Amino acid sequence: MDVKFINPFIESLINTLEMMVGITPGREQLYIKEDKMTHGDITGIIGFAERNITGSIALSFPNDAALMIYGLMTGENVAQINREVQDSIGELANIVAGGAKSELAKSGLAFHISIPSVIVGKNHAISHKVDTPVVVIPFLIGKAKHRFVMEISMKVLGH
Amino acid sequence: MRILVVDDSITMRRIISNNLAQAGYEDVVQAGNGVEALSQMNGVNLVLTDWNMPVMDGLTLVKEIRANATFGNVPIVMITTEGAKDEVMEALKNGVNDYIVKPFTKQILLEKVNGILNG
Numbered sequence: 001m002d003v004k005f006i007n008p009f010i011e012s013l014i015n016t017l018e019m020m021v022g023i024t025p026g027r028e029q030l031y032i033k034e035d036k037m038t039h040g041d042i043t044g045i046i047g048f049a050e051r052n053i054t055g056s057i058a059l060s061f062p063n064d065a066a067l068m069i070y071g072l073m074t075g076e077n078v079a080q081i082n083r084e085v086q087d088s089i090g091e092l093a094n095i096v097a098g099g100a101k102s103e104l105a106k107s108g109l110a111f112h113i114s115i116p117s118v119i120v121g122k123n124h125a126i127s128h129k130v131d132t133p134v135v136v137i138p139f140l141i142g143k144a145k146h147r148f149v150m151e152i153s154m155k156v157l158g159h
Numbered sequence: 160m161r162i163l164v165v166d167d168s169i170t171m172r173r174i175i176s177n178n179l180a181q182a183g184y185e186d187v188v189q190a191g192n193g194v195e196a197l198s199q200m201n202g203v204n205l206v207l208t209d210w211n212m213p214v215m216d217g218l219t220l221v222k223e224i225r226a227n228a229t230f231g232n233v234p235i236v237m238i239t240t241e242g243a244k245d246e247v248m249e250a251l252k253n254g255v256n257d258y259i260v261k262p263f264t265k266q267i268l269l270e271k272v273n274g275i276l277n278g
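Chains as they are written, first to last, in this note's numbering: chain A, 1 to 159; chain B, 160 to 278.
Honestly, the hints are just simulated from the structure, not real lab data. Treat the numbers as computed from the prediction; the structure is a model and nothing was measured. Glycine residues also receive a C-beta, built at the ideal position from the N, C-alpha and C atoms. Hints are supplied without guarantee of correctness; some may be wrong.
Stated by the list, open to error - Label-pair ranges, simulated between beta-carbon atoms:
1. A/N77 <-> B/L269: 21 to 27 angstroms
2. B/G202 <-> A/Q29: 53 to 59 angstroms
3. B/E270 <-> A/M37: 18 to 24 angstroms
Let's have the full structure, built from the sequences with the hints guiding it.
As structure tokens, this is what we get:
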């Protein structure tokens, strides 16, 4: 997977967290995922597709990070993952994919994005849209340095 | 001033409504899609709507509002992830007054709202 297709998603995620949540995440070294499991407690996943590109991204958070993000986004503090927190993680995935879509469209790579879905539970499996290596980019947020990941899987024809 | 916020994400509706309330716009009503929005148009001074929603999307909602004899002139701001130039042009062509691309800051939101309601 060419890094030029990954960078718009990374930039979109950082931009989204800065503008909607008011935090700038730290970034760790990316790696290739070995299995389908994620170590997050709540994951937002969204697919995208068009003639030349198919793929999906997943944002997977530990409970503490998801609750912090929800509180900063809405100004409302909640103690546990509920329907509203799930919605916020799905909406974050939606905005991140939308931002990358706009950026990639400038270079002629247009696609449509799906409605996001959210999975809750410890050590859940994530099925990405295409059977290609899954790139995992870890991020750190907040004073407690909560670690969450963005997973990207995509197939681009001709690349 | 009554503002109608239309988005299928309850989080986004809360973010927008809370930001509006903090700026003094306390008469805010919410809808989760275009059909719900049309049933709440009575007395609305401004519509803030998402584009991609189930049941009835934002662009269809814009067309329905503009075709309505009673509330066809209510200003509409589209707030959406659809930020490509062609999509912005399509929304404006169909009667949207202004456009905000997600992600956005509170400042951007209030600039657009103040500009329309106080401009």
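Going back to the hint list, which numbers does this structure go against? 3
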